[in-house]
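There are 4 protein chains.
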Amino acid sequence: MCRWLAYLGEPIQPSKLIVDTPNSLVAQSLNSPLGAQTVNGDGFGLAWYPDATAESTPAVFRSIEPAWHDENVRELSRAIETPLFFAHVRAATLPPVQKTNCHPFRYESWLFMHNGVIREFPRLHRQLALAIAPELFESVRGTTDSEVLFFLALTHGLREDPVGGLARAIREVEQVGRAHGIPYPVQGTFAISNGSTVWAFRYSSERRSRTLFHSEDVTTLRMLYPEVERLQGYGEQSRVIVSEPLSDLPDAFHEVPESTVAILDMNGYRHEPFLQEA
Amino acid sequence: MCRWLAYLGEPIQPSKLIVDTPNSLVAQSLNSPLGAQTVNGDGFGLAWYPDATAESTPAVFRSIEPAWHDENVRELSRAIETPLFFAHVRAATLPPVQKTNCHPFRYESWLFMHNGVIREFPRLHRQLALAIAPELFESVRGTTDSEVLFFLALTHGLREDPVGGLARAIREVEQVGRAHGIPYPVQGTFAISNGSTVWAFRYSSERRSRTLFHSEDVTTLRMLYPEVERLQGYGEQSRVIVSEPLSDLPDAFHEVPESTVAILDMNGYRHEPFLQEA
Amino acid sequence: MCRWLAYLGEPIQPSKLIVDTPNSLVAQSLNSPLGAQTVNGDGFGLAWYPDATAESTPAVFRSIEPAWHDENVRELSRAIETPLFFAHVRAATLPPVQKTNCHPFRYESWLFMHNGVIREFPRLHRQLALAIAPELFESVRGTTDSEVLFFLALTHGLREDPVGGLARAIREVEQVGRAHGIPYPVQGTFAISNGSTVWAFRYSSERRSRTLFHSEDVTTLRMLYPEVERLQGYGEQSRVIVSEPLSDLPDAFHEVPESTVAILDMNGYRHEPFLQEA
Amino acid sequence: MCRWLAYLGEPIQPSKLIVDTPNSLVAQSLNSPLGAQTVNGDGFGLAWYPDATAESTPAVFRSIEPAWHDENVRELSRAIETPLFFAHVRAATLPPVQKTNCHPFRYESWLFMHNGVIREFPRLHRQLALAIAPELFESVRGTTDSEVLFFLALTHGLREDPVGGLARAIREVEQVGRAHGIPYPVQGTFAISNGSTVWAFRYSSERRSRTLFHSEDVTTLRMLYPEVERLQGYGEQSRVIVSEPLSDLPDAFHEVPESTVAILDMNGYRHEPFLQEA
Numbered sequence: 001m002c003r004w005l006a007y008l009g010e011p012i013q014p015s016k017l018i019v020d021t022p023n024s025l026v027a028q029s030l031n032s033p034l035g036a037q038t039v040n041g042d043g044f045g046l047a048w049y050p051d052a053t054a055e056s057t058p059a060v061f062r063s064i065e066p067a068w069h070d071e072n073v074r075e076l077s078r079a080i081e082t083p084l085f086f087a088h089v090r091a092a093t094l095p096p097v098q099k100t101n102c103h104p105f106r107y108e109s110w111l112f113m114h115n116g117v118i119r120e121f122p123r124l125h126r127q128l129a130l131a132i133a134p135e136l137f138e139s140v141r142g143t144t145d146s147e148v149l150f151f152l153a154l155t156h157g158l159r160e161d162p163v164g165g166l167a168r169a170i171r172e173v174e175q176v177g178r179a180h181g182i183p184y185p186v187q188g189t190f191a192i193s194n195g196s197t198v199w200a201f202r203y204s205s206e207r208r209s210r211t212l213f214h215s216e217d218v219t220t221l222r223m224l225y226p227e228v229e230r231l232q233g234y235g236e237q238s239r240v241i242v243s244e245p246l247s248d249l250p251d252a253f254h255e256v257p258e259s260t261v262a263i264l265d266m267n268g269y270r271h272e273p274f275l276q277e278a
Numbered sequence: 001m002c003r004w005l006a007y008l009g010e011p012i013q014p015s016k017l018i019v020d021t022p023n024s025l026v027a028q029s030l031n032s033p034l035g036a037q038t039v040n041g042d043g044f045g046l047a048w049y050p051d052a053t054a055e056s057t058p059a060v061f062r063s064i065e066p067a068w069h070d071e072n073v074r075e076l077s078r079a080i081e082t083p084l085f086f087a088h089v090r091a092a093t094l095p096p097v098q099k100t101n102c103h104p105f106r107y108e109s110w111l112f113m114h115n116g117v118i119r120e121f122p123r124l125h126r127q128l129a130l131a132i133a134p135e136l137f138e139s140v141r142g143t144t145d146s147e148v149l150f151f152l153a154l155t156h157g158l159r160e161d162p163v164g165g166l167a168r169a170i171r172e173v174e175q176v177g178r179a180h181g182i183p184y185p186v187q188g189t190f191a192i193s194n195g196s197t198v199w200a201f202r203y204s205s206e207r208r209s210r211t212l213f214h215s216e217d218v219t220t221l222r223m224l225y226p227e228v229e230r231l232q233g234y235g236e237q238s239r240v241i242v243s244e245p246l247s248d249l250p251d252a253f254h255e256v257p258e259s260t261v262a263i264l265d266m267n268g269y270r271h272e273p274f275l276q277e278a
Numbered sequence: 001m002c003r004w005l006a007y008l009g010e011p012i013q014p015s016k017l018i019v020d021t022p023n024s025l026v027a028q029s030l031n032s033p034l035g036a037q038t039v040n041g042d043g044f045g046l047a048w049y050p051d052a053t054a055e056s057t058p059a060v061f062r063s064i065e066p067a068w069h070d071e072n073v074r075e076l077s078r079a080i081e082t083p084l085f086f087a088h089v090r091a092a093t094l095p096p097v098q099k100t101n102c103h104p105f106r107y108e109s110w111l112f113m114h115n116g117v118i119r120e121f122p123r124l125h126r127q128l129a130l131a132i133a134p135e136l137f138e139s140v141r142g143t144t145d146s147e148v149l150f151f152l153a154l155t156h157g158l159r160e161d162p163v164g165g166l167a168r169a170i171r172e173v174e175q176v177g178r179a180h181g182i183p184y185p186v187q188g189t190f191a192i193s194n195g196s197t198v199w200a201f202r203y204s205s206e207r208r209s210r211t212l213f214h215s216e217d218v219t220t221l222r223m224l225y226p227e228v229e230r231l232q233g234y235g236e237q238s239r240v241i242v243s244e245p246l247s248d249l250p251d252a253f254h255e256v257p258e259s260t261v262a263i264l265d266m267n268g269y270r271h272e273p274f275l276q277e278a
Numbered sequence: 001m002c003r004w005l006a007y008l009g010e011p012i013q014p015s016k017l018i019v020d021t022p023n024s025l026v027a028q029s030l031n032s033p034l035g036a037q038t039v040n041g042d043g044f045g046l047a048w049y050p051d052a053t054a055e056s057t058p059a060v061f062r063s064i065e066p067a068w069h070d071e072n073v074r075e076l077s078r079a080i081e082t083p084l085f086f087a088h089v090r091a092a093t094l095p096p097v098q099k100t101n102c103h104p105f106r107y108e109s110w111l112f113m114h115n116g117v118i119r120e121f122p123r124l125h126r127q128l129a130l131a132i133a134p135e136l137f138e139s140v141r142g143t144t145d146s147e148v149l150f151f152l153a154l155t156h157g158l159r160e161d162p163v164g165g166l167a168r169a170i171r172e173v174e175q176v177g178r179a180h181g182i183p184y185p186v187q188g189t190f191a192i193s194n195g196s197t198v199w200a201f202r203y204s205s206e207r208r209s210r211t212l213f214h215s216e217d218v219t220t221l222r223m224l225y226p227e228v229e230r231l232q233g234y235g236e237q238s239r240v241i242v243s244e245p246l247s248d249l250p251d252a253f254h255e256v257p258e259s260t261v262a263i264l265d266m267n268g269y270r271h272e273p274f275l276q277e278a
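Residue numbers (UniProt numbering), protein chains in the order written: chain A, 1 to 278; chain B, 1 to 278; chain C, 1 to 278; chain D, 1 to 278.
Honestly, the hints are just simulated from the structure, not real lab data.
None of these values were measured; they are calculated from a predicted model.
We put the beta carbon where it would ideally sit given N, CA and C, even for glycine.
Be aware that one or more of the hints could be misleading.
[What the hints assert, rightly or not] Examples of chain C residues toward chain A, derived with CB under 10 Å:
| hint | residue |
| --- | --- |
| 1 | Q37 |
| 2 | T38 |
| 3 | D42 |
| 4 | H69 |
| 5 | E71 |
| 6 | P95 |
| 7 | V97 |
| 8 | L136 |
| 9 | H180 |
| 10 | I182 |
| 11 | P183 |
| 12 | E258 |
| 13 | M266 |
Could you build all of it, start to finish, from the sequences and the hints given here?
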């Protein structure tokens, strides 16, 4: 339903990944070969941390113009440098298209973005909104299923335990959904960051989730593809997690397995099972 | 906080009232002398019924561009004719500015618009949202205090009894607000229509409400101002209710008293007390 | 590069053709199977005449939101009725995407829209702009090749002779283009109206033009497809000319031949050769 | 007609000047006491250089939303740091409001912005457009008088001699204007930068130009106002040139005289006469 990208590594211009690669996120806004929809023209968001330390507050730029023709996206993503950013292009499951419905969503120093859906969300919306902690309720700014899931995860302790917080939120949505007769309520890939670590989840109630990939080490890539010039522009610690590969270089991207969370920090990736029990 | 206009009468081009008068609603978007703010540049809405019979569904055009420079507003308001329309320019008390926050709000064949505020709405939002009938909850599309008030009024029977429905909704907001220590929770003027009647309310908890006016009969106006050419363009049954006068012709507009509802149908106006008891 | 639709016939809600058909123009904004690009998300325009008499002035609504998610498009196209309208979804060859670059273009009572391109327009722009009659120059509001072509046609007498005016304008562009070493300067389909007749052209310098179709008579269609309910919603004189068919009903749409102008008025279509000589 | 601000000094978050001062540029978008219009809600632009060396290319962010409610303006201006930036809020003399008409205008490493008008520009537009060097013509992206003046100045050698280039461009506009019977064709204040110097002009044909001010030295200001905390957030070399003062601290801003150019670099200001001869 959407496409997203998360980067952690040496400070970089986001444009190098979201504009200047063959299958960049901006290119995917017009044509994403692996997407549930091929067009992701219902809004764009870019959130970036000034430095890669926990607790710094990210800036967020949002636009309802299709990313492929929004000149601000190009200007801005070339003018900044950041060690950790999230970018997202939206294909709206449901209207309305408005900035407050553009991912990534931010709460204090935390970011969240999502590709996927809470099925039959209009039927579940009220009950899920009520399950958000009252002190968080007014910080919900838009009307998407994704943002409600983020605030449910915050309610369930995301800030102390990101994996557990999201797991408990998904379980709650599944419980509410099944009570409404919806067999597979949750579908998607999810990204969370606190400014120093990225948690990227692949999970769906039916165990057939949207695609998710992370990049090979840059040093390995440079050995594999000495002729690809743009690889020289990335730092050695540069790593991205993406809905679909940014290029068709074989071995440049590895699929994150079903029901798994990929945890990325300055030391690299590690995978952990996520909600693998029934 | 906003300016609005409601028209009922012979079919008319809305432009005649919202563009082509000295202090038209579009002019008020840039400069409204009687407004709590003088600039109402945070969105525009126009809703119009195809005919003046109850139960027809109005169309709604919304824009987040300031009305004074939105060419669609001029084009559209000249191209249509309608016997009953609502128009509104917004000065946002709270962000965000987005189409779903532009008045008038519509539910089935009903329209609602508001100039004013529910005070400290962020503190009351969750409790008021919960008070909306569950089957109506998902039809709330934006995040304004005004739309919540509309859906509370629908919950309290607006469709059967517009005056009573709004009265009960306001009382509920006042009760919730006072429980939060807010002495004067509700402020404003309000307009409701079902397609054949317009109810226009002036009310605030502190009994010092935003301004509200309705027009003198066109035949009287023509006698008073035989030299004012644009009066010839209005039908004999043309009547408008407005936040502030569209011209400075003396006696062209009459103030609606405090705590009063002006009820307008094809037979003209009548006033009734509204929430005058403490 | 774009998709368009022109309608002439009994007054109709434009939504019946641009929203509520299987391959409607709004559907084509997201996916146009026959298009040079499949996505036409760079702006929308709707221009409609109040009646089908020459010299009435059409209204124009323009939006830079993709048509597939613009709620104003749905609202407006359902709320109006018109005997003659043009609608257009844009896939921008060149930026910028802005309302002044959205087709249809209007000059007095005339409308123009285009699917195609003047090749290497930036190199030709200045010379072509200078060729516009000085008294028309300031009425050019945007920066597209299409609008320049329209004003060249106006300069060359479009208002007295639409077919000759456009033919001379195209010849001028071809001459200027070839002087710059561009072998095939003009490509496209073009639509012109004065409010009572529609001229629809298929022409390109290389004689391989974008697709263009017109509809079969409604009475014939109803005999062919008695089970297709929406055909009952069209008047007997309803005719559309389109970049690509609105449905896959065989025989519902006929291709306009290369280098041909289809002339449509209340009496039906006729074809004439257009710039068939070398 | 507009309000603008140019900053040169130690790298700074633009928000400190355009958001977080009592009469900030964003505040002036809603209410500019000294402006020809008090509302400047017809677009916003921010252009910033990555460093204060000549020949670096500035980034440009543009928005047609009123600056006072555009959350991207706040986010972005807080997230970047720059030693030299231009910011502008527009009050459109003429439509259309679109990003390509938002100042500052950029050509290569040069920036230009303007508060004022070329009078009766529609009558002069064609002749002035033709006077732009043919090789620059296609780089004109919008339709404002201001951008045409910038490209005339580029045509007349702005890149080699900013003061002389603008002087010759203004003289050309005055000549063309007077040939059309316009006694006072040019009005305004103008800012130019190459990335290391700012040239700020106050000039009008009638010698009664829009207001222009530059700031007192920060060290002086701190001595004058030891209690004003935000002064501690500025570097010692921080200097701004503005359409109107950002605060009402007496002596914080000095008026630039009529027919004068204020030249600002890292060494401070100097004034030179500009077109003082008749």
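Here's how the hints hold up against the structure:
{"no.": "1", "hint": "Q37", "verdict": "holds (9 Å)"}
{"no.": "2", "hint": "T38", "verdict": "holds (8 Å)"}
{"no.": "3", "hint": "D42", "verdict": "holds (6 Å)"}
{"no.": "4", "hint": "H69", "verdict": "holds (5 Å)"}
{"no.": "5", "hint": "E71", "verdict": "holds (7 Å)"}
{"no.": "6", "hint": "P95", "verdict": "holds (6 Å)"}
{"no.": "7", "hint": "V97", "verdict": "holds (5 Å)"}
{"no.": "8", "hint": "L136", "verdict": "violated (29 Å)"}
{"no.": "9", "hint": "H180", "verdict": "violated (27 Å)"}
{"no.": "10", "hint": "I182", "verdict": "violated (25 Å)"}
{"no.": "11", "hint": "P183", "verdict": "violated (29 Å)"}
{"no.": "12", "hint": "E258", "verdict": "violated (30 Å)"}
{"no.": "13", "hint": "M266", "verdict": "violated (38 Å)"}
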